[in-house]
Each structure stands twice: as C-alpha cells, then as structure tokens.
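Chain by chain, the residues run as shown.
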Amino acid sequence: MADLFLPAEGAFAPFLETLSPSGNGRLVLSEPPARGIATVMARAGQGAALATRMKALYGIDVEDAARFVTAGDVALVGTGPGAWLMLREGAAPDWAAQPAGELDGLASVFDQSSGYAVLRLGGAGAATLLSRGAFIDMHPRAFPVGAAAVTVMSHIGAILWQREAAVYEVAIFRSYAASFWHWIAATAAANGLTPMRSA
Amino acid sequence: MSRLAAGGLIDRSQPLRFRFDGRDYGGFAGDTLASALIANDVRLVGRSFKYHRPRGLLTAGAEEPNALVTLRAGARAEPNSRATTIELYDGLEAKSQNRWPSLGFDLMAVNGLMSPLFVAGFYYKTFMWPAALWEKLYEPLIRRAAGLGALSGAPDPDHYDKAHGFCDLLVIGAGPAGLAAALAAGRAGARVFLLEQENELGGRLLSERHEIDGRPGHLWAREVADELSALPEVTILRRTTAFGVYDDRSYGAIERVADHLAEPLPGQPRQRLWKIVAKRTILAAGAIERPILFGGNDRPGVMMASAVQSYVNRFAAVPGRRIALFTTSDSGWQVAADLRAAGVEVAALIDPREGAAPMALPDVPLFAGGTVTSTHGRILRSIGVRAAGGRVTRIAADVLAMAGGWNPAMGIGCNLGSRPIWSEAIHSFVLKAPPPGMALAGAAAGRFSLAETIGDGLREGMAAAADMGHEGHAPPMPRTSDDKAGVAAPWHVPGGRGKAFVDFQHDVTDSDIALSVREGFRSVEHLKRYTTLGMATDQGKTSQVNAHALLAMYSGKAIVEAGTVLSRPPYLPVAIGAFAGHHRDADFRPVRLTAGHGWAVEQGARFVDAGQWKRAQWFARPGETGWLETVSREARAVRSGVGLCDVSTLGKIELSGADAGVLLDRLYINNFSTLKVGRARYGVMLREDGIVMDDGTTTRLAEDRYFLTTTTANAARVMQHIDYCRQILWPELDVQAVSVTEQWAQYAVAGPLSRRLLQYLLPDLDLSNEAFPFMAAAETRWRGVPMRIFRLSFSGELAYELGVPAAYGDALVRALMEAGRPLDATPYGTEALGVLRIEKGHAAGNELNGQTTAADLGFGGMMSTKKDYIGRVMAARPGLTDPDRPVLIGIRPVDRVSRLAGGAHLLPTGVPDIAAHDEGHVTSVAFSPMMDGWIGLALLRRGRERIGEHVRAVDLLRGTDVEVEICSPVFVDPEGVRLRG
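Chains as they are written, first to last, in full-length UniProt numbering: chain A, 1 to 199; chain G, 1 to 981.
Hint data in this document are derived by calculation from the structure and do not stem from the laboratory.
Accuracy of the hints is not assured; some may be wrong.
As the list claims (entries may be wrong) - Straight-line Cα separation of at most 16 Å, EDC-like style, residue types lysine to aspartate or glutamate; simulated pairs:
1. G/K275 to A/E63
2. G/K95 to G/E78
3. G/K614 to G/E624
4. G/K866 to G/E602
5. G/K279 to A/E164
6. G/K275 to G/E255
In this text the structure is predicted, and so the values were computed from the model without any measurement.
Please build the complete structure, drawing on both the sequences and the hints.
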C-alpha cells in the first residue's frame with residue numbers, strides 16, 4: 001500500500017462544527033491549525049547548552065519558567081523545571097524526529113502531537129471563562145501575554161497560556177475533549193457567553 | 001392592606017402576584033416575601049421546631065429564625081428558605097412548614113402541652129429503654145414531630161456555576177462602612193471585590209431615615225454604587241454572601257444568580273460558588289439586633305425593632321396598627337420616632353434603663369424603668385407592662401418591637417479560631433484579633449453610629465489600598481445626621497408569664513439554660529450541645545449572646561468569663577449543588593474516550609468504566625441471547641481466528657536519557673538495561689514495602705529510550721512513582737520520563753490469523769518468526785504516519801499490538817477491520833480479554849490487589865539477586881516469604897458443570913464453614929469456551945504444592961458451595977506453542 005498522508009482528526013472538530021461562525025465575538029473558539037507538539041526535557045546538566053542550541057536553531061529565547069515564548073514557527077511553553085511543550089506550526093506527523101536529532105544529547109524529545117487536544121479561546125469573555133475553571137488570577141497584570149500555567153480545569157489537567165492579547169490556548173489530554181467541551185459549553189452559557197467558531 | 005400610601009423603596013409601578021399557603025396576594029417589585037406578607041396582614045408564618053408554637057416574622061434579614069418557608073413547588077421546591085431574604089417575583093409560590101394539617105391548626109402543637117417532657121437534653125433522658133427501639137421507633141417519631149421542611153425528592157433541574165476571584169481588597173457588606181471602604185480603595189486604584197447579600201447596596205441606610213450630606217442615606221448609597229460600578233478594577237457581587245474564611249486568605253461566597261426569578265433563564269446557573277483570594281479583607285457585615293428575654297416573647301406580633309423599622313421605612317409595609325416598643329437601646333427610640341413620622345400609632349415605649357431619654361418623643365407614653373412582663377392573644381393583642389413603681393398595666397398593642405442592643409455580625413471572622421472578647425462599651429462581643437489580612441469596620445467592629453461607620457470604612461479602605469501600593473486621597477468625610485448608640489447589657493425579665501425564648505428556631509428557653517447549668521453543663525460548648533442552642537439553620541444569630549449572658553448569670557459568673565462559641569462555615573446554609581457545580585450526573589467526573597470510541601459505538605459496543613475511561617466490554621450481535629454468549633464467541637474468535645481489541649487505555653510512559661536503563665533496573669524486579677533494542681520484556685515492579693505495585697511490558701526503542709506500559713488502573717500512579725524516583729530519590733541520574741498514554745492509540749490483533757491480517761495491512765513488513773519473533777518491536781510508517789508494532793500477547797495466542805498517534809487511531813482501527821474482513825476479524829471487549837487471560841493464568845487487577853508479592857503470583861524466579869531494586873529488602877521479610885502464604889493457582893469444578901463465584905473462600909472438604917478454616921479465596925472466574933466449563937484463579941495457602949487436591953469454594957453471600965480441583969493456573973497451551981506460532 002502506497003504511503004498516503006492521512007488527515008489528522010481534530011479532537012474538538014465535531015464540537016466546533018456545532019457553533020455558528022457569526023456572533024458578538026466575545027468568545028471565539030477554534031482548534032489551532034495542525035501543528036506538532038512535543039514534550040522537551042533537558043538532559044541532566046544541559047539546560048544552558050540546550051537554550052544556546054535552541055536559540056541557534058530556532059531563534060527562540062528559551063525561558064526556564066512558566067512562560068509562552070515564540071519565534072517564527074516554533075513556540076515553547078514552560079511546564080516545569082527544564083521541561084517545555086514545543087509547538088511547531090504546520091508540522092508533518094513524524095516531525096518530532098527532527099528536533100530529537102537536532103537536540104540529541106541536550107534534551108529528550110517526546111512526540112505529543114496527538115496526545116494533547118488544544119483549544120484556542122479568543123474574545124473579551126475568554127479570560128472570564130478560563131477563570132471559572134482555573135484557580136488562577138487571569139487579570140492582565142497577573143496573567144499577561146506570554147504567561148503560562150500548568151493547572152486543573154473542571155477536574156482535567158490543563159496547560160494554559162496567553163498567546164497574544166485576549167487569545168488563550170488550553171492543552172488537555174486528548175481523551176478528555178468531550179468532557180472538557182461540555183464544561184466549556186455549560187460554563188459559557190452560565191456566564192452569558194455565546195461561543196462562536198472562527199470563520 | 002397595611003401598605004402605606006406613599007414612601008418606601010418599592011416600585012409601585014411594578015405590581016407582582018404571589019401565593020402563600022394556597023392563597024393569592026399582591027406585592028411590588030422591591031418587596032421581600034416577608035414585607036409583602038406584612039403588607040397583606042399575614043402574621044402567622046411558621047411553626048416552631050420542637051413545640052410547634054405559632055410564629056410570626058421576627059426580623060427583616062438573613063438572621064430570621066422563624067419565617068422558614070418552602071419556596072417554589074415541584075423539583076425546584078426549596079425548604080427552609082427565609083421569607084425575609086426571598087425577593088418577591090411575579091408568580092412566587094411558597095408554603096409554610098412543620099405543621100399538619102394547616103398552619104392555623106397544627107395537631108402537633110400538642111408537643112407544646114407536653115413541653116415539660118421536651119426540656120433540654122430530653123433526647124438523652126427519654127427513650128433510654130429498650131435501646132433497640134431507638135433506630136426503628138424513637139428516632140423516626142422524633143424526626144416526624146420535630147422538623148423543618150422536606151426536600152422534593154426530585155433531581156435538582158438547575159445548573160450551578162463556579163468562579164474564582166482575586167483581589168487586593170475584599171469588602172464584605174455594602175452598608176455605609178463597606179461602601180465607604182470600597183470607594184476609598186477603588187478610587188485609589190486597588191482591585192476591589194464588594195460583596196452584598198442583597199440586590200440593593202446600602203445596608204441599614206435602606207431601612208433608616210439617616211441623612212448624609214443633607215439627603216436621605218439611600219441616595220448616597222446609590223451614588224456610591226454608581227461610581228463603584230464605573231471603576232474598572234471594582235467588581236460588585238450582589239446577592240452574594242461570604243460564608244466562610246479559609247486558609248491563605250481565601251474566602252467562600254455564594255452568589256444567588258437566579259434565585260430572584262421564577263426559574264433561571266436558559267443557560268443561566270441558579271447559583272455561583274465563588275472562591276476568592278484577597279490580600280486584604282474588610283468585614284463590614286453590620287450588626288444583628290438581639291431580642292429581649294421575657295415571657296411570651298415568641299408570640300406572633302413580637303418583632304425586632306429594627307425589623308419594624310425596615311418594613312415601615314423601606315417597604316412601606318406596617319406590621320401593626322398600634323405598635324409598642326420595648327427597648328434597652330437608643331436605636332429603639334429612633335424606631336418610635338420613625339413610626340410616628342410614618343403616621344403609625346405608638347402604644348408605649350418601655351425602656352428599663354432608668355432616666356434614658358436620648359430624644360424627645362411627644363405623644364408617646366413612656367415607661368422609663370419599666371419592663372414587659374407578659375404578652376397576650378393568639379396573635380398579639382396586648383402586653384403586660386410593669387412600670388418603674390411596680391404597678392402592672394395591660395396595654396393594647398398588636399405589635400411589640402423589641403430592641404435589646406446590637407451584636408456585631410463578625411461570624412466568619414471567627415472561622416479560623418479568632419476568639420471574640422466581651423466589650424463593656426457596647427455590651428456585646430467584638431473581634432479584636434481577626435485572621436491575617438482582615439480588618440473590621442463599622443457596626444461589625446462594634447462602632448454603630450453612622451459617622452463612625454463611614455469614617456471606619458474610609459480609613460480601612462485607604463489603609464488596605466496603601467498596603468497594596470495604591471496611594472490616593474481619601475474621599476472627603478460626608479456630613480451625617482447624629483444618631484445615638486447608647487445600649488444596656490442583654491436584658492432578661494425574670495418571673496414573667498410564659499416561656500421566654502432565647503433560641504426561637506430550636507425552641508430553647510431561659511429555663512432550659514437554667515436547667516443546663518443546674519445539671520452541670522456550664523461551659524458554652526456544653527450548653528450548646530446539651531440544649532442544641534444555636535445549632536439550627538440560623539446558627540444562633542439572634543440567640544447566642546443572650547444565651548451566654550444567661551449562662552453567666554445562672555452560674556454566677558461575669559459574661560466575660562463565660563465567653564462565647566466560635567462559628568464554623570458556612571455562615572448561612574449553602575446548597576450541596578453549589579459545591580458540586582457542573583460535576584453531577586453524566587458530568588460527575590470527567591470521562592476519557594479512546595480514539596476508537598466512535599468506531600466501537602458503531603460496532604454496538606457496551607461500555608464499562610475503567611477509572612475515567614470508557615472501555616468496550618463486549619460487542620453483542622443480533623440474535624445473541626446474553627452477554628455470556630457474546631463473550632464466548634469473541635473469545636473463541638481469538639483462539640481460532642483473529643480478534644481486535646482497543647488497548648489504548650493501558651498506561652504508556654516513555655523514558656529517555658543516558659541512565660534510563662539504570663532507573664528501570666531499580667524500578668523493576670528484573671533487568672532492563674540488558675534488553676536489546678527492538679525487544680520487549682515483561683516486568684514486575686514492587687512498592688517500597690515489597691508488595692507488587694504494577695506489571696507490564698517495556699520495550700527498548702533505542703539505546704537511550706524505553707517505552708513502558710502499565711495497567712490501566714495504575715497509569716497515573718506509576719508515572720508519579722517514576723517522577724518521584726528520578727526527581728527525589730536519584731536526581732543524579734540522567735533520565736527524562738513523560739506519559740505518552742494519550743499520544744498513542746493502540747490495538748491488539750490476536751489469534752492464529754493475526755499475522756495474515758497484518759500482512760494485508762503492511763505488505764512490505766517481514767513478520768515471520770525469524771524476522772519478528774515473540775517480544776519483538778519495530779517502528780515503521782503506515783500511510784505516512786509513525787507506527788509502532790509489538791509482538792506481545794495477553795491472550796496467549798499469536799498476537800501483535802499496533803500503535804499510531806491518536807489522531808489516526810480511528811483510521812487505523814477501521815483499516816484493521818477492513819483488512820480483516822476476509823478473515824472474519826472480530827472485535828472483542830474487556831470481558832473476552834478477561835476470559836483469555838484467565839485461561840492463560842495471567843495475573844491482573846484482581847490478583848495485583850495490594851496484598852500479593854511477586855512470589856505469590858509466581859514471579860519469584862524473576863526477582864534478581866544480582867542488583868538492588870525498590871521493594872527488594874522488604875520483600876524478604878519473614879511474613880512475605882512465609883511458605884504458608886496463599887499463592888496463585890487455578891481451580892475448576894470437580895463436576896465440570898458447576899458455576900464458580902469470584903470472592904468465594906477456599907476451605908478444606910469436610911470442615912465447618914468458619915473463618916478458622918479459611919485457606920484462601922477465588923480472585924477471578926470465567927466461563928472458558930476452550931475448557932467448556934467454568935475455571936478460576938485463586939490465592940490458596942501452599943497452593944502450588946497441592947495441585948490435584950480437592951477443596952471447596954464456599955460463597956456464603958451467594959449461598960454456593962462447590963467442590964473444586966486445584967490445578968495449574970495456565971489452562972490453555974501451557975507450553976506456549978500458540979504464542980510463538
């Protein structure tokens with residue numbers, strides 16, 4: 001059988017289809033375009049060398065902190081000491097082999113592109129909705145653009161970051177997508193928000 | 001109608017209809033149910049808890065002990081709702097409680113005649129013998145006679161929301177002190193949360209006739225509220241009660257989002273539970289007026305003076321035509337003045353304080369130094385008054401307003417253990433050492449005059465903002481009208497006629513407290529438990545201080561010595577539903593669905609919960625008569641053809657790093673550093689105490705990379721264990737680990753035809769025994785997607801597991817079914833999986849039960865003697881190596897046709913069924929299609945030495961007793977020929 005790229009199935013796609021593409025824009029939900037996701041963990045004692053290598057390779061300023069940083073098509077979300085989620089826009093299904101090779105000896109790279117379902121939330125009501133779930137101060141002074149957190153929302157482990165002003169992304173383990181969506185839908189309604197999907 | 005023609009803060013342009021105890025009434029927007037009942041001359045609203053005494057409204061606030069009603073009907077019926085806090089809405093329906101057959105005629109009122117029986121502690125003194133009748137007879141009888149409203153029994157149709165709040169300053173209460181504090185801090189730029197239990201801000205300003213800057217106080221409150229609403233950093237939560245103070249400056253609050261509506265709007269929650277973290281808090285919850293203790297003080301028509309003032313001033317609802325005042329506080333005089341201003345006749349003002357005259361009250365008969373000694377009428381008609389000289393007169397009055405002084409409402413300030421202390425200045429308890437970050441302001445701090453209140457708020461608000469780095473100019477202190485705040489100590493009129501009630505809701509009287517003291521229950525905590533004082537739904541808000549004053553008096557102590565109790569959260573009852581929030585029914589806990597879930601649904605799967613996962617249990621086909629037929633078909637298909645099973649839920653952990661093999665050697669009883677790349681090995685890990693923790697296969701993907709699997713149940717625990725080991729025990733090791741359970745959708749393809757099926761799907765791959773033997777593993781690609789292939793077998797058949805990234809899992813299982821169509825590939829679920837593993841004697845959750853050692857399960861030979869590993873030392877303890885321990889064996893019925901029961905105990909033949917003869921138990925049973933009969937796995941004492949012996953499997957719960965033969969746990973293919981086929 002010839003190799004034939006399969007379309008990846010978005011975990012939130014069936015739910016997003018139920019939303020209208022028009023609305024007041026206070027809560028806009030979408031699934032980010034196909035991207036590679038990997039857990040990157042520094043090898044023992046290689047944190048500084050890893051940051052230097054990543055700066056050279058991807059032009060990114062690595063921060064060993066709960067921060068979202070981005071450069072070009074690469075982004076890093078700090079999830080713990082010496083641990084990040086690496087995001088790569090438009091990556092192929094087997095993309096993770098490349099950073100694994102590039103960072104060999106400095107970091108362990110584990111492909112998680114399918115492991116996480118990512119929901120993007122935009123609009124003035126996004127922070128309110130997220131604050132209903134995460135016990136985190138979402139005030140722009142406390143959780144500004146570039147802030148990230150590993151937290152729990154609706155009893156579901158979540159990694160949360162503010163990508164740009166009033167645009168957040170939440171990564172949860174894929175199998176929870178339906179439960180998480182039910183919570184999003186109920187909580188949006190409870191707070192007077194009518195979610196729309198980005199056109 | 002007792003509605004004044006004009007005035008009040010009600011909206012007369014919005015008339016509302018409502019129904020109470022089956023009768024229709026009218027009210028206005030802005031009314032509470034209580035004020036609307038007063039405006040309609042309804043004076044009897046409830047029956048007391050124990051004696052079923054008729055009761056009327058006592059207060060106008062959340063502290064109300066009497067007017068508990070069942071609000072709404074059907075599934076939304078809410079018992080024990082306080083009429084004083086229910087906002088009136090059109091179509092409201094409420095019923096009184098604790099009466100039968102009706103409120104006016106309550107047969108249970110006979111309890112009152114038997115009151116000598118029902119004194120304090122009667123639970124402990126009565127019904128002592130025979131004790132056996134307590135549960136079946138006494139308690140149900142008591143519960144029926146004494147009680148509150150009943151739940152509907154129907155599921156709550158509403159939704160509850162949860163929210164988190166963070167602020168510099170939390171202000172609890174939006175009376176004059178709270179408004180001033182929020183204004184000062186808000187103008188300075190601080191993030192402020194202002195909580196008010198009512199919809200209207202203003203607190204007592206709404207009920208009193210005070211002036212601020214020459215205008216009515218409620219207009220000032222509205223202006224401040226408007227300004228606060230416009231400040232971007234200020235959040236006002238109306239209809240919100242702070243109910244508890246918790247550690248780390250966190251607070252619980254309940255927002256009643258839709259309780260003022262007949263039912264919530266679509267999507268709207270009924271209530272929202274707030275968890276608020278506040279760097280600073282100002283408790284400005286005001287004060288609660290305390291009753292005066294005299295005989296007959298619970299008669300309908302006897303009310304708090306502040307309540308009368310609220311009803312008249314705020315709601316323009318006059319509770320009586322001739323109102324008498326019994327006051328030990330200057331505030332009572334102000335009520336008399338307000339009544340006169342509203343044109344209401346004041347029958348008398350009785351003030352036991354000699355010479356008290358805070359203001360002139362022309363045309364009000366004054367009884368300085370007098371007391372009220374009795375009340376008369378089913379609903380109050382007259383009172384007995386003893387004048388200073390001792391002469392007793394009857395005075396006609398249909399309402400007696402009592403003003404016994406004010407108790408600061410500091411309840412939640414004591415939640416963390418701060419103890420209130422007695423203040424001689426205000427004759428009540430105050431909180432001098434509130435919890436960290438909290439300050440009190442205004443009446444809650446025991447400073448009652450309006451000027452003090454606003455001054456407190458401004459000062460504390462500025463201080464809190466400055467603490468948080470927000471400097472600003474204090475708002476100017478407004479001009480306020482002068483109010484007198486003189487007050488006497490809690491007042492008791494001894495020797496009056498009738499019972500003097502202290503706790504109105506729990507029917508505790510002054511004589512109950514005297515009895516408690518006589519019987520030796522003299523500490524406030526003992527008094528509380530002996531009399532149940534303060535333990536009703538109102539938590540003693542009107543009774544606690546009076547009771548402790550009586551306790552002090554009866555025991556000859558000063559009240560400062562008697563002390564008072566601490567309050568626990570919640571300050572007011574909070575619905576359990578609010579704590580559950582979204583998480584009820586189908587959303588009780590999150591559900592995890594595998595990538596192939598939709599496919600399994602299409603295949604007619606029935607699902608079983610495996611932790612949070614939904615796993616396909618079996619796939620019934622049309623015409624099958626029961627699960628056993630389905631499961632047997634699925635198991636047979638694996639033994640004779642090929643079956644497909646979704647095994648994605650098993651835990652998967654990837655380890656990488658130079659020392660990954662070293663860590664695995666320490667985690668498992670056997671070795672993994674010696675494993676070849678491209679090979680898998682079964683492993684067992686122990687807990688530190690030597691008991692088996694988990695098992696699974698580990699594959700070496702590269703020199704420095706391993707892929708480990710766990711049981712579904714232990715996936716999170718093993719991940720946690722590995723992180724603990726690499727981060728805490730051996731941080732010097734270079735090893736990184738992460739859960740990849742969710743990354744890979746994995747399917748078992750099992751059965752003699754499994755290789756053929758895979759060749760259809762992956763024609764370029766050499767799957768021969770030589771190229772890809774048992775326990776081989778490979779990484780490949782399938783349609784451009786990474787794929788992992790493992791030759792593993794749980795069923796004992798030739799079998800493989802295929803993994804692809806979960807986004808392609810649905811595509812893979814469909815492709816496998818398609819490729820397997822010519823082979824009649826059969827999906828099988830967890831039940832068939834269980835049958836297959838029992839036939840092969842593989843231990844699973846039932847055997848890895850937290851009590852078994854590796855040796856018990858037959859893995860003793862795997863325990864390395866050449867290295868150290870977690871659990872090695874403790875596994876060598878005598879108790880864990882005792883040859884008498886129960887070990888894993890197989891059983892089958894001697895008659896071959898009997899059914900086995902899991903959980904049955906194993907006993908020798910010919911002995912009584914008593915625990916002393918117990919030799920083990922049956923852990924797993926299955927109907928084996930291969931053996932054509934029931935088989936089981938069991939843990940039996942010295943079992944391996946007893947193969948061939950007969951014992952009995954006795955199940956006293958199911959009433960079965962089956963003679964079984966002890967055999968090897970491996971029933972099918974003990975040589976493993978099929979496995980390597």
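Open item on the list: Going through the numbered hints above, which ones does this structure break? Give me the numbers in ascending order.
Closed with: Numbers 1, 3, 4, 5, in rising order.
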